[in-house]
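Participant: Heads up: the sequence lines are chains A and B, in that order.
Each number in the working numbering corresponds to the 1-based position in the first sequence with 827 added.
Each number in the working numbering corresponds to the 1-based position in the second sequence with 1440 added.
Hints were generated in silico from the structure; no laboratory data involved.
A few of these clues could be false.
What the hints assert, rightly or not - In silico DSSO-like cross-links for lysine-lysine, where the CA-CA straight-line distance does not exceed 27 Å:
1. K1526(B) <-> K1455(B)
2. K1063(A) <-> K1526(B)
3. K1126(A) <-> K1063(A)
4. K1455(B) <-> K1515(B)
5. K1515(B) <-> K1503(B)
6. K1455(B) <-> K1001(A)
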Amino acid sequence: MKQSEFIPLTLITGFLGSGKTTIIKNLLQREELSKTAVIINEFGEIGLDHHFIETSDEDLVELSTGCLCCVMRGDLQEAIARLLTKREGGWSFDRIILETTGMADPAPIIQSLVLDKISAPKVILDRVLVTVDSVTGLKSISEFEECSRQVAFADILLLTKTDLVESVEGSLEKELMHINNNAEIFKSDFGIIDLELVLGEYKRQTIAFTENEIDKHSHSHSHSHSDIMSVSLYFKKPIHAVALTLFLELLAEVLGSDLIRLKGFVYIKEAPETPAVVHGVQHIFHPIEWHQSWPYERKETQLVLIGRNISLPWVRAILETIEEEVEETTRQNEN
Amino acid sequence: MTPERFATIISGTLKAWGVEDQCVLRTEDFSCLITLNSNVFVEIAFEEQPFGNIWRLREKDQKGSVHPSVGAALKSLALILCPNRKVGRVVFANQK
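Chain A with its partners taken away, still in its complex shape (with noise of 0.2 Å):
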């Protein structure tokens, strides 16, 4: 499939209140995105978000009976197949940028995104940016397990509103972080964003610390507002393409709806030039593809694993016995 057959989507998601509208306010009056179709989806039976973007009526829709990621996952659907067969009446369109009701679990609708295979051209999900309130963030992760599950999704973490605050408070980042060390932390004065955070090519990164930063943050931790936090694993031997899906399918069966996010490079011994890339939502899935070339200089398998009750010990440990145990059954099939 080429590029051009693809439409990129950019979801925008945050705690009420974060500056969400105020962003894509901010981003639609840019030239380089006057091609860019917006969903807003508003919790409630008035909408009002869409009054405060200034955007012709046919670029936006609005899904204001509900909350997208509750009830409205095929209204999603319908809104994308709307779009798309406006685009093939001529209304020209190259991005569509997705804004969520404040109290949304970005999972469901990343999945749904994923999951997708009708549409066409295909909607690919590019990004997922997420707002937090540098004044009211600590507080809003600290009560409402919906921000902390926001955060943990997150591509791009947005601190907002930091002109009100002197500092961003430290704590505030490091609480990020330990919800989601993948995510990359960027600040906007007044609504405003580089507008390569929309449109830069966007690299699947992973990792954003060494192993022995990793242990130092989670002793840091000890007073964490979330019980939602990530792990990194490293790994330096190459693993058998079976052993994967077997580790990804026992991380499911025995983490549930506790593995929020699974995202890296895997080292296959099959394929050593070219990582595996791995990225899970819940329980659903990217198919996995293979990058062309290592992004960092070791090759070792990186994965992030975002969820509850999840420890780092323990997932190596099941790598490992996975691992041994294809190696094992390799061998005896060899003989």
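Starting from the known structure of chain A, fit chain B onto it as the hints suggest.
Facilitator: Chain B only, in chain A's frame:
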């Protein structure tokens, strides 16, 4: 397999299932007796046999079961310790 890794697998799994605090573990090399709420007793053991490695599970006063992999063993252990826990099933989307 090492005794440390064996212990890590058992304790990490119980933590993931949220029953760690309700369990008493007696681990010895490659064997662990798990007591859940003083009324469920299950022994899980890893053994290296000439024909390959196996995992044994045995509830008190019951016939045991043998499993060829860590995945199969933990699946059976879950049925004993937390039978109502919802499990995940991996689905690979076919997006392209």
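Participant: Against this structure, judge whether each hint is valid.
Facilitator: To see whether the hints hold, each was checked on the structure:
no.: 1; hint: K1526(B) <-> K1455(B); in the structure: 15 Å, holds
no.: 2; hint: K1063(A) <-> K1526(B); in the structure: 32 Å, violated
no.: 3; hint: K1126(A) <-> K1063(A); in the structure: 7 Å, holds
no.: 4; hint: K1455(B) <-> K1515(B); in the structure: 15 Å, holds
no.: 5; hint: K1515(B) <-> K1503(B); in the structure: 17 Å, holds
no.: 6; hint: K1455(B) <-> K1001(A); in the structure: 24 Å, holds
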